[in-house]
Structures are given as structure tokens and as C-alpha cells.
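Turn these sequences into a full structure, and let the hints guide you.
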Amino acid sequence: MARKRGPLKGGISPLFVVMCVIGFTFGYLIWFNSNDTNITQLKYSEFVTALKDGKVAEVEVDEQFVAGKFHNEEKKFYAFAVQNERLWTLLEKSGAAITVKPTDRQNWFFYFFLMLLLFSIIPLIFFFYAKQSQGGMGGGMGKIFNVGKSRAKFIPPNAIKVSFKDVAGLVEAKEELSDVIQFLKSPEKFSRLGAKIPRGILLSGDPGNGKTLLARAVAGEAKCPFFSISGSDFVEVFVGVGASRVRDLFTQAKRHTPCIVFIDELDTVGRQRGAGIGGGNDEREQTLNQLLSEMDGFSTEPGAVIVLAATNRVDVLDKALMRPGRFDRILNVPYPDITCRKHILEVHLKKVKLAKGVNVQTLAKGTPGCSGADLENLVNEAALAASKADKRAIEMIDFELARDKLFMGEERKTLVLSDSEKECTAYHEAGHTIVNMMLPEFTDPLHKVTITPRGRALGVSWFLPEADRHSEFQGRMEAYIKVALGGRIAEQLIFKEVSSGAMNDLENATEIARKMVCHYGMSNLGPISFGSRVRKGMAMQPEYSEATANKIDEEVSRIVIDAYKDAEEILKSETDKLHSLAKELLEKETLFANEVYDLLGVERRGQDKEQEDSQE
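Counting from 316, one number per residue, gives the positions in the sequence shown under our numbering.
Worth flagging that the hints you see were computed from the coordinates, not collected in a lab.
Cβ coordinates follow ideal geometry from the N, Cα and C atoms, glycine included.
Straight-line Cα separation of at most 30 Å, DSSO-like style, residue types lysine-lysine; simulated pairs:
#1 K763 / K830
#2 K511 / K569
#3 K666 / K720
#4 K737 / K892
#5 K671 / K703
#6 K538 / K476
#7 K408 / K391
Here are the simulated distance ranges between beta carbons:
#8 E726 / F469: 41 to 47 Å
#9 N819 / E661: 30 to 36 Å
#10 P471 / S815: 56 to 62 Å
#11 A782 / K887: 31 to 37 Å
#12 S815 / H785: 31 to 37 Å
#13 V917 / D630: 42 to 48 Å
#14 E726 / N819: 15 to 21 Å
#15 L699 / S872: 44 to 50 Å
#16 K504 / E661: 30 to 36 Å
#17 L901 / K671: 31 to 37 Å
Right, dumping it as C-alpha cells:
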């Protein structure tokens, strides 16, 4: 076992020695430059006046100053003065005792030698202490000299317990990555036919979809070393540090071939070059250049380094990264569909105790758009809710509470609404619900409606799709706008004025309308995509003219206003239903879909329809 290095012999720390030297030096300098407290500084004019008046008894003359004392006074004085004929004439006429002091060059030599010693010994002790820290404790000032070292976390093959069995769903991505696993296990299988394995594979997808887990699973399946690092760990304020860390990372990786290097959040260091100014940007570009060079520098022959990277911003990556020979493949890691969500939930539900009646298929169907991380959090929140209620197992109601908390926010039990605010909220949410139920062909079925304040909202109308949807049609998008405007319209019809509660509804409606015009070609401007904005140097400029921008604004306004008129007609014709639903909400605060369907006499949809058919 290597002996742990500590302080110097006798228990004296090098840092203590440094502090003593610094303290002694500055103490001497203060003493050397200090003057007697019984001495007064005079202006040169005051000194000349005192000489002329005959008040000066003794004078000591130096190259740059004069010092002395007055008649019948113990107090001394000094003044800065340059020797010249006028000064000597005044001194001779004053009758004072004059002493000429020679230059004390010895003191100045000692002062210079002391400063030289100080600036020599401090770096020596500093380097010695850094070496001790680096060799023994690995901390302290030794970290300064490791600033150019890679911060990648090295995981040996036997420490990786993750495999493809732990990655639910992502079938296509796992099939693509199986080539990498086969190459790492049997490289000669590919090399004998001249095939080259991809040097780099980029995993693209939104946060929480399992990119990092997938990379670890590849290393676990291949039984090879795994280096993991975040893109932000490369860049520092010191110029050249990022490039040095990249070099050190690949140097370490080549010592453990075959291995996998995983770079998370690649967009942090791999952004397109020339998009900014300043030293920080230059440092990032140097780091990127070094990464490009390293990926060109290693081969794909047996014993190679495979680079896996993850990002959710492929659009901002430098084009040089994306060319064949660097990141040859881009694998999309999408949000899980209902089948994948079911598998993911099954993985996490194995770790908790479930009560009878928990339907995994229902949970998967009721969590559209959730990532794997969201589903894991859902299970954990349900377990917390059951624990708070002192239950022995997690029930479906706990998952319902957890889903409400994650999707709509924490219930604000301490918020007290006035009767007028509560009534306005009830009609607002009833307006959303009525418009949605009157457009069954284009909208999603109702799940629940509540006027219980959650998060930033005073009430929520929640609609769940019957199946995963991967594209939208124009009629459905127009219906979304109508439903979003239903709450504001209900307020206007009942109270003859509107509240600020429709702010988010207006934002959502406008955003949908703008996408219809600019991206989907669903407007009178024709099948044209206007894009958004492009970077011109440091500024972002639109891809279209000012006149076209005005036309886009007019089309967005037209779509929203037309939807407003249609939704208004629906609510005017269904005023009785609006009043009935609002009054029921004021009484019960939360209504599930089956209660609303029964109250309004509307045919059930979605899960409520399936439950009704199964009961029959």
C-alpha cells in the first residue's frame, strides 16, 4: 500500500511555513517603514517659514527629505525637500544645527534581498505543497494542477449492472446499437469483410427519454469499460483547458480499448462555430476543434474507441460533427408510446407494493406524452401519497393523485377564493368542457374538470386522448383553439366581462394558430412554410419580409377570431348545459367524466364508454 503523504516532519504543514514567511516579511516591512509616533510631517512651505522665523533648532538633511526639531519642543518634524542652493542658503541663515545624513544603501540592499527571498521561497513551497496534495490527498492546491485533466467518470466492465433488459421500449434504438455491441464483442466478424463500424453514434431526444440509460446499457451488454462525462465538464474559464481535457479523455480511453466514451449534453461543447463572440466562445470552439481532431485520430480497427453522445438540440450542433466518420448515425430516442409506457411502468412497479385493482394498461393510457423519467416520478409520487395515508399498498386513487400533482401542480389548500372568483372559475372551466363535448369528432375525451386551485391555475379541464397521436389535422387544431377560448367566452356571456384567468388559454390559442400559418401551411397564405428566424451574425432575423410578417399576423388573427365566433355560437346554444355544469362544479368542485356525461345527458367517450360497454 502506498504511504499517504501528509505534512512535513514534525507535523508542520507547508502552508504554515508559507504563512510564517509572509507574516515575518510584511511585519519587517511595516517596522522598517514605520516612523516615530512623536513626529509630525510638515509641508515644504511650512518648513521654510519656520526656518525664516528662527524656530528650528536642529536639522538633519537627506537626499529627499529634512528632519529635525524646534526650539524648546520635544516633538520632531520632517518634510520632503530636494537639496538645492536656495535650501542651503536658508539653512545657513537660520542658525540651526545642520547634520548631513549619508545615503543608507545597506538598508535598501537588505530590503531588496528580503523581497527577492520572499518571491523565491513562496513559489517553491507552493509547488512542494501542491505535489504533496496531488500525491497523497488528491485535493487542496493539487487540484489546480489537474485542471487540464479529464473529469470523465470511469466505470469498469464488472461495475456496469445495466443491460437492455432494464431499458423498456426503444426497440429500434436497441436494434441499431446492437451493431456496436457485436463489434465490441467480435470485431473480427466485421473486419474480415472490410466493414467499418461507426465511430460515433448520436442519441437525440427530449430530456428523460432514456439516452443516458441506453448508453450505459450498451456498455453493459458489450462488457467493456465505460467513460462518462458531460459536455459542460470540458469548458472552463481558462483558455486551453477544454482542449486539454479532451486530449486527456481520449488518451485514457485508448489505454482501455475497446471501450465506450459517452458525452452527455453534447450541445454544450458542440454548438455551431462562429455563432458568438468573446473569450468563452473562443475556448468552446477550441474544445470543439480538439474533439473533432480526436474523433478523426482514432481508428475503428479491433481495440477501438466508440463514442456515444446525447443531446436534445441537434439543430444547434456544428455540421463538422455530423459528417460521416465522426457521428455516423443519429438515433432518435422519442417519447414512449402506450406500449412502451406500459413496459416502463411495469419495470418501476416491480419496486413498489401494489394493491389489487391497479391496472397498468389504464395508467399507460392515461399518461400520454410522458417520458420514462416522468413515469418513474409518477410511481414514486404515488408511493409517497400512499405512505402519507398510512396504506399498506398503493391503490389507483394514489396514482390519480400523483398524476394530478405532476400534470396540474400541487393542490393549493391554503388559497381561499371569494364567491365571485369561485363562480367565475366554475363557468370558465364549464365553458372549456362544453365546447370540447360539442366537438366530439375533433377533440379528446374529457377526463375530469375541477375548480380546485392547483399550481398557477384556479381550475383545470383535463382531456385525455384515446390513443397516441403522431400528427394533427387542420380540423383538430382549429377545435383546440375553440376549446381554449371557451372559458373566456363563457365569462363574457355570463358576467358581461372577462378576467385575467384566460391568459394561458390565449397564449395557447395564438401559438397553435401561428404554427398553422408558419409551419403547417393551414391558412389562406397557401402551402408555404415561413420558418422562424435565422442567425445573421449576432442577431436573429426572420426569413421573410416585413410585408409577409404583416400578412402572417393577419392570418393568425383571422384564425383565432373565427374560432372565437364558432365557440361563442356553441355556448350560446348550450347555455342550459353551461349553467348546470357550473352549478355542479360549485357544489362538488371536482367532477369526473362519467359524472359530467350523466349530468348533461351526453354520450360517453373514451375510457368511460369502454367501461359502460363492459358493464353491459
